[in-house]
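**Student:** Chains as they are written, first to last, in this note's numbering: chain A, 513 to 1174; chain B, 107 to 608.
Simulated from the structure, these hints should not be mistaken for lab results.
Possibly wrong hints are sitting among the right ones.
Stated by the list, open to error - 30 Å max Cα-Cα, derived DSSO-like pairs, lysine-lysine:
id	chain 1	residue 1	chain 2	residue 2
1	B	K308	A	K1099
2	B	K350	A	K1099
3	A	K1099	A	K768
4	B	K350	B	K475
5	A	K1099	B	K475
Unchecked claim - Simulated DEER-style distance windows between Cβ atoms:
id	chain 1	residue 1	chain 2	residue 2	range
6	A	S942	B	N332	56 to 62 Å
7	A	T883	B	H563	36 to 42 Å
8	B	E344	A	N1042	34 to 40 Å
9	A	R1035	B	A189	51 to 57 Å
10	A	S622	B	P186	21 to 27 Å
None of these values were measured; they are calculated from a predicted model.
Quick reminder that beta carbons are idealized off the backbone N, C-alpha and C, glycines included.
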Amino acid sequence: MLAQKLHLLRHNVLSFVSSRTGSDFTRRQYDVIVVGGGHAGTEAAAAAARLGAETLLITQKIMTIGALSCNPSLGGVGKGQLVREVDALDGLCGRAGDAAGVHFSILNRSKGPAVWGPRAQLDRERYRQFIQSELLSTPRLTVLEGSVDELLVSQPNPEEPGHHRVTGIRLVDGSHPILSSSVVLTTGTFLSGSLFMGQTTSPGGRMGDAQSCAGLSYTLKETLGLRVGRLRTGTPPRIVKESVDLSLAQLQAPDKQPTPFSFLNTHTRCKPEEQLPCYLTHTTPGVERVVRESVHLNCHIQQDAKGPRYCPSIESRVLRFPGRRHQVWLEPEGLTSDLLYPQGLSMTMPPELQLRLLREIPALHRAEIRTPGYGVQYDFVCPTQLTPSLQVKSTQGLFLAGQINGTTGYEEAAAQGLWAGVNAGRTALSLPPMALSRTQSYIGVLIDDLVGRGVTEPYRMFTSRAEFRTYLRPDNADLRLTPRGFEEVGCVTLRRYKKAVSVRDGLQEALMALQSVALSSTRWREKLGNISLSENKSTTLNGLDLLQYKDVSFEMLASAFPECLSQYFEYSQRLKIEAVYRPHCEKQSREMERIRSEESLSLPSDMDYLSLPVSLSQEVREILDRVRPNTLGAATRLPGMTPAGIIHLLNYVLRTGFMHML
Amino acid sequence: MLPCSWGLWRSAIHTLKTFRASPSARGLCIPTRAVCDAETIFALSSGHGRCGVAVVRVSGPASSMVLRNMAGLTQALPPPRTALLRRITDPKSKELLDRGLVLWFKGPHSFTGEDSAEFHIHGGPAVITAVLQALGSLEGVRPAEAGEFTRRAFHAGKLGLTEVEGLGDLIHAETEAQRRQALRQMDGELGRLYQDWSYRLKRCLAHVEAFIDFSEDELIEDGVLNQVDSSVRQLETEIERHLKDERRGERLRTGVQVVIAGATNAGKSSLLNTLCKNNTHTQSMTHCRANPHFNGQPCMSALSHTPKYAFFLMTKSLFLMVEQADLTLVVVDSTQLPPDPQLVAAFLQQHLSTVLPSPEAGMTAASDKVLLVLNKSDLVPEEQRERTEGELRERPGLPPACFLSCSTSTGLEDFLTVLQSRVKTLCGDPLSGAPSLTQARHRAHLQQSVQALNQYHQYRDQDLALAAEGVRLALTHLGRITGRVGAEEILDIIFRDFCIGK
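Same shape as in the complex, but just chain A:
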């Protein structure tokens, strides 16, 4: 094997060239080993290193670190919130998006700021470069090219729950084992992955890359006894831009002024006028015909592995909703790329039929394919076997993140990767694991859904999954997460923390200033001109009340009271959003508190429910034994769980002193 090893110090920036072979460079002992260099792996490695853990990132190919395997875009509705949260916890993907974006837009602009979806088309090359240079400049982080053959597993620490303990990994080349306190697996689609195109099947997780290691699958399934399931996904063919008649497609312009993902950035690398457009076109009846004619030549579509309902291949869309026109977006792949990415045309039929299908679409009637689309089927580990810190319950020190947990999407992977990296680092540093509440972040919702309910199809984030959507907004992710990320978690750098604190204080001051200006509604009308206020004349309203009105902007108030408000101009948009949502968030705060207090009562993962000396019905015991909820909150949400059972359980936990705050 070509075992390139890199010990990348802080100063040898931008240099993978200094790689050398031989074991002398690599330490034999790390705090954290991260396997995989995708969105989950890079965030995990960077987070663990930020936390202070000596971290090793192992990837099959260094050059594919930070590669966008599928669509050249980041964010969207729900996903954009995740990007903002990852950024608020000092993750990479938000800043990478700002560096690589070539077409920025905020989706749902007309639907309320809580559900705005920041999104960008990316330049693949710039994204990869940014991630790689970030990792290079991260202290305590080493990157190693190699394939992991197996996990090293030993007896568990008897003081902690679990049946096994992971102690490191062994590479395929049979060299010495590399030891660590924790291991994060982010193997994506490479766990027993197979690729499908037409009637041909080959092992692998991504076209053009080495196949995955059977050894790792074996360790997970056989040694650790983890339950796995199978999912499928796919990617569309890449089209030569020159061969497309864009005049037959509808131009989709980006926002005039790009909005950065990161709270640290005031502008994006790409200048507003340098942005590239997208194009929208539609399928035709001819597309449906080609799909129907090719079904018998399409292995992937005939398999019964579960595919996502919301990102299906064109084949399953056509078969499920026949006779309809489906949207196809033609997206740029980068500033210098000569390719277009046809979003919505993921397909697995034989390449010659893929070409026929594309050419049924008017704008693509002369289209040439650079690389054909294909399908992937892969194993995932049923995520109910994980704790909210993303550690495998039965195996001390083993963390999983990304598609291996049954999710789909870059943003979902990055979010889990960051949190798994945080906890892998904490475990290695002998700190207690931490969980994010679903009342505080989309990351919390994502992880709670995964470990509490499991998945039946690739899991993608939607805003409808969040109970507290009006609080979990893209605009306030920094206030929700950055202070805690610094003060309690340790994954946020001082620079970002200071910035968040100054924003928080500034906003607080501005809100107080707004509340300090109070007038009768008659006087407000005089001051601001023609605005419609529902209150009667005598009611006194303060500036914050007034800002709730649709027609009232902070700028209007600031011009009415320049002396006390004009200094807060920089926060005008955030203040407006806060004013509108604050009353609703306060109404929900009681429910949030209830959920949080139930989440904070954790149930020991090794509890023997079947013989617990409390009065529980056999049915309830079996449910608890099967699902093994992490917290009392999760137990409460289990179907079949009775209120009486909850009380007995709570009583037992309190009595035996198992309770501890997460």
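Go by the hints and put chain B onto chain A.
**Tutor:** Just chain B now, with coordinates in the frame of chain A:
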């Protein structure tokens, strides 16, 4: 990049934590405990059904407000743990509901550890329902979920560890009882009505959510929202209409309270006995049972009756009872009527004013709540009786009158027909009419559901996230009746109704 050792981190955390505790640094974080007082809950804590005394418990921060409002305590609260006899009134209408004992428990010296109050009231279902409904109408007060009192007590550390085992079983029994009750209710027309609302509301929510989560990438037309607008409006109208149907449903569940009133020896007991004995006529009214009480009160008798459980009380002159009654049978000794039929109407008018509590306001309003029973008709000459009947027929301002002889049963047939039709009107006929409400709890949730739907319209064009919040909230409240609706269920509808395929 800042190289930072772990030790440095920790010292930094320490200093910053103190900083964070300062009030200005609370920042925009959602306020936690200080603002989130627990809700105030109430429940009937004695068993449902007929009993001498019923105990209604209230627990939570608003308990003192509840006590003041319901027991007319404008000044100080009574000393804790001391019983006080008060008139219990509806806080909105000021209508008298009952006279009973009230107790005040200042937290933490109470069963739940919170501020609490207790109302010891008469055990009749009508009184209980009225008191529970009055409680439910107060701001910030809601019916307790099964076992909620005991759970609060447990969380407050008010229950010893040994008691908890028993508590679990108690809650189990409570939930079981409520489940059975819910099943019975869900099994009929009413259940289908709620399920239908729930289904439609789920679709509304799914379509709004689909519009939020997918419309930017997918072919989800704006028309979807217009459909939701009209569906939501339709639902609001239906629920509101249902809520306005004169509380017929609650009577169905807890029975119609009928008071038999009249002068001494007019024949009240005979009438009650006749009604109880006459099984052939009351068969359609199911069970019929006499249950006399003589607890120092004026003679009270009760029997359970009519479509499900009508509830009969009999009294001589207790205005309170008459005021609360759904229907009052005023028994008059026919031999006492003036022999001249033309004078009978005036005589009865006068008589009613002595029996009924508010004669001037009452007559027209109360006339559909009153039936006149002219007993001992066998002792009046037939000719006089017929002429009197003719005179009383179609007499405005007088309730319907029936001649009846409890001793010979003459006229019983006609009287029962009149009585039955009255009771049916009050109950709402479960077989033919619209299904009615059955519980104060349902009522509270339905009301909150309608309020939440208002929020949808309010924000529809301003902020769809807030508009959707209204539909979510409405579904949560309806879900308290029909069962919780999870996010997955909404997603299922989205993927069934739309081709989401980017």
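**Student:** If a hint holds in the structure, say so; if it does not, say that too.
**Tutor:** Cross-check of the supplied hints:
1. Between K308/B and K1099/A, the direct Cα distance comes to roughly 22 Å. Compliance with the 30 Å bound is thereby established for this hinted pair.
2. Simply put, K350/B and K1099/A have alpha-carbon atoms about 28 Å apart, close enough for the 30 Å limit, and the pair holds.
3. Simply put, K1099/A and K768/A have alpha-carbon atoms about 36 Å apart, too far for the 30 Å limit, and the pair is violated.
4. Between the alpha carbons of K350/B and K475/B the distance comes to roughly 19 Å, so the proposed pair stays at or under 30 Å and holds.
5. Taking the CA atoms of K1099/A and K475/B, the gap is about 43 Å. The hint is violated against a cut of 30 Å.
6. For the pair S942/A and N332/B, the beta carbons lie near 59 Å from each other, so the given range of 56 to 62 Å is met.
7. Taking 36 to 42 Å as the suggested C-beta distance range, the pair T883/A and H563/B does not conform, at roughly 51 Å.
8. Taking the beta carbon of each, E344/B and N1042/A are about 38 Å apart, inside 34 to 40 Å as hinted.
9. In this structure, R1035/A and A189/B meet the distance hint of 51 to 57 Å, their C-beta atoms being roughly 53 Å apart.
10. The beta-carbon spacing between S622/A and P186/B, approximately 56 Å, falls outside the hinted interval of 21 to 27 Å.
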